Amino acid sequence: MNRGRRGAAIALLLAGAVVVLLARLAGAPGTPPLYDSFSQPDPYRYLHPPAGARGHPDAASTSVPYTGADPGPLTLATGPDENPPQAQLLLGAGSLEIPAGTRSITLSITPVESPAARPPNGVVLGNTYRFRAVTDGGAALSLAAGHPATLVLRGPTGSGQATIDRFDTRAWAPITTSPIAGPNIFAANSAQLGDFALVAPEAHVSSGGFPWLPWAAGGAALLIVGGEAAFLLLARRRRRAR
Amino acid sequence: MSVAVRPLLPAAGVAVAVAGALAARLVVAGTQGPASSPPAAAVFALLLLGVAAAARRGRLVIARPRIGGVVVGVAGGAGLLLCAVLVHAAPLQLWARPDGGAAAAWWTLLVMCVAGAEELVFRGVLFDAVSRAGGVVVAAVVCALAFALVHVPLYGWRALPLDLGAGLWLGGLRVLAGGVAAPAIAHALADCGAWLVV
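Note that the protein sequences, when read in sequence, are chains A and B.
If you read the first sequence in the numbering used here, its first letter stands for residue 1, the second for the next number, and so on.
If you read the second sequence in the numbering used here, its first letter stands for residue 1001, the second for the next number, and so on.
Simulated from the structure, these hints should not be mistaken for lab results.
Note that the structure is a prediction, hence the values are computed from the model and not measured.
Careful: at least some of the hints might be erroneous.
[Unchecked claim] Taking beta-carbon pairs under 8 Å as the criterion, some of the chain A residues facing chain B (in silico):
no., residue
1, Ala9
2, Gly16
3, Ala17
4, Ala23
5, Pro41
6, Pro85
[Stated by the list, open to error] Sample of chain B residues with no beta-carbon within 12 Å of chain A, all distances over it, derived:
no., residue
7, Leu1046
8, Gly1050
9, Ala1053
10, Ala1054
11, Ile1067
12, Val1070
13, Val1071
14, Val1074
15, Gly1101
16, Ala1105
17, Leu1170
Ideal Cβ positions, reconstructed from N, Cα and C, are used throughout, including at glycine.
Only chain B is shown next, with the shape it has when bound in the complex (with noise of 0.2 Å):
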């Protein structure tokens, strides 16, 4: 179920907020590097959470996902994880993997935190100021063009077909399933399945 609520914060202020945030997670990273940083991470996702709940007037609203919706994104995020299986990277491991069961669970909580944290702002608050003013379609581009260069700074250049590819995916759940829990779900079981399992 999507919900109506007038944005305090326009576009552009949602854009400026989510800046701040990445610059945030740059700064507490430090020379660890953004993608390296456990608490960068989580206080990019605690900031994006604050850009959402500001831009619904102080509430940070999850509607209650329909059944429908629930299994869009579990679909949506096997459809990503496939697109990973089917073209398999060179064997070389070239990132850290969570190092043993706490590691792991800790880092599947975080990633799913800054997964549907993302997906508020980007597919949310985002998309909903750009689709009144352009429809849908021209709300899913800019916001997986937004989402994409977000992510250059963590993993580089070389990343942003990628990230532009996904964030039009997940734009596209957006639209079929009405919500942004689609998204969120999608997104979270991609992110972790993608590096636990693949």
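Bound conformation, chain A alone (with noise of 0.2 Å):
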């Protein structure tokens, strides 16, 4: 191999390992681990699953010692039979307001009744689920200021475009929600713990994971036709010019 092309090889990786960990650095989580592959996750589990359905949706809970110092980032996942989990909790250092005189604190995801109240956003999908932060006596927790816990929840096939709603003991109200790592999934941060659901418009529940995908797909070709289309012309042309 002679020194321009070995020059060239080096000059493409260097670009290619700074580009992989900046896009890594700065990416939202739900970026596939890599690159590529696949994933197929478990069909949706119910709280009461319509006909042909599955059920006995998975709650989740962990306890951790409080001596006094921060516990630090702190996660859970519904489970173990939920692949990837339908409801998951995120908490950053400094998140939970921990009164003196703690011992342990119990943070929890349990699928629950939804309330009858219908979301002002559209209609409930799959189950609500109740994120608890509480102590070892049994008083809950809350958030501190500016330290918002990280919500995810996963939906039924076809979930569309969903957003994440909380109840506050009357009402639901949305929050700002992104769609993340795969169809969907989506995450929210919140201020408060308490019931959260998906929730979507009704014209938008039976239309499909991706309805974009079409679209995307095309403009991805017509980017790549178009683009290669220009850059042959252009070589071409330099060619003749010489």
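Starting from two chains that each stand alone, build the complex the way the hints lay out.
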């Protein structure tokens, strides 16, 4: 191999490594672990399964001892029979306001009955989940100001453009939600724990998981074809000019 | 060893064929989503192998890899995995993992087939076609862009920078080793390793 080719290879490898590292550093959670593959989520488990659907959704609970020092980041995911989990909770360091005298903290995620109230932005998809953090004495813990919890909910296939809503004793209220990772998985930051569910406009519920896919595929194809055609034309002109 | 075969399909034709294979993957996947459907992945791999074979005059040329290419490929895969381990994302499980030994075996086989087929097209026939016109660096960049765009319907736009970087890395392996075996080995190792280990 000549020196120029080896130099080009090393430059490409360096550029690739830098872009991969930057993409992983700056990327939102949910990007694939590396860059390609496929995964097959388990069918959704309903608290009250419709005909032909699975039931018995998992709950989750974990307790951590508290000695006065902040317990650091805490995560909890429903399982073990859900792949990927249908509900997950991520608390950063310093997220919980913990009263003096607390000896342990228990985090839990439980599928619960959906309230009868109808969300203002559509219909509840799947289960309502109760996210809680309590002390060993049973007192509910609140989140510290400026330290929201990250909630992740997976909906049934065909969830479309869903929003995570929080039920606040009397009514549902949508919170800012991002689609994350694969189809039907959504994340939101919330300043409070409590009852949450995925909500989607009725028209979107049965419209399929990735309604934008054909457009994205067509756009990608046009970009590829257009770009390469332009490049080949330019290269041909250059050769002729020589 | 790289085999110089005059491509029947120009680069644009290869791109159109890849777009067709992608469209077929989306159709087969349906509402399940293309990143969640093994049959769709298998169809995609088969169609890409067809594209590679058509571009090579009906011969699916897989030159016997030199030992150097294998070493470069293994090292390249390890490098990509290292990137994934070094910059570990939030501890959330957002993608389904293969469940059980048999499922993992089938999953690994299919992932390797898809990775190999993608490399035969992107760092194989497409790379050869573009490098004849613009040199290896331009070919590596164009192929990385195409590689990244093809994955947008699977994972969304947020995955594009990652796929672009990975495409550049694989292009660098292609240039360094002089054949498609190195990026194919690296690609397969990184895909399997990242999902099973990280």
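* Index of numbered hints that the structure contradicts, given in increasing order -> 17
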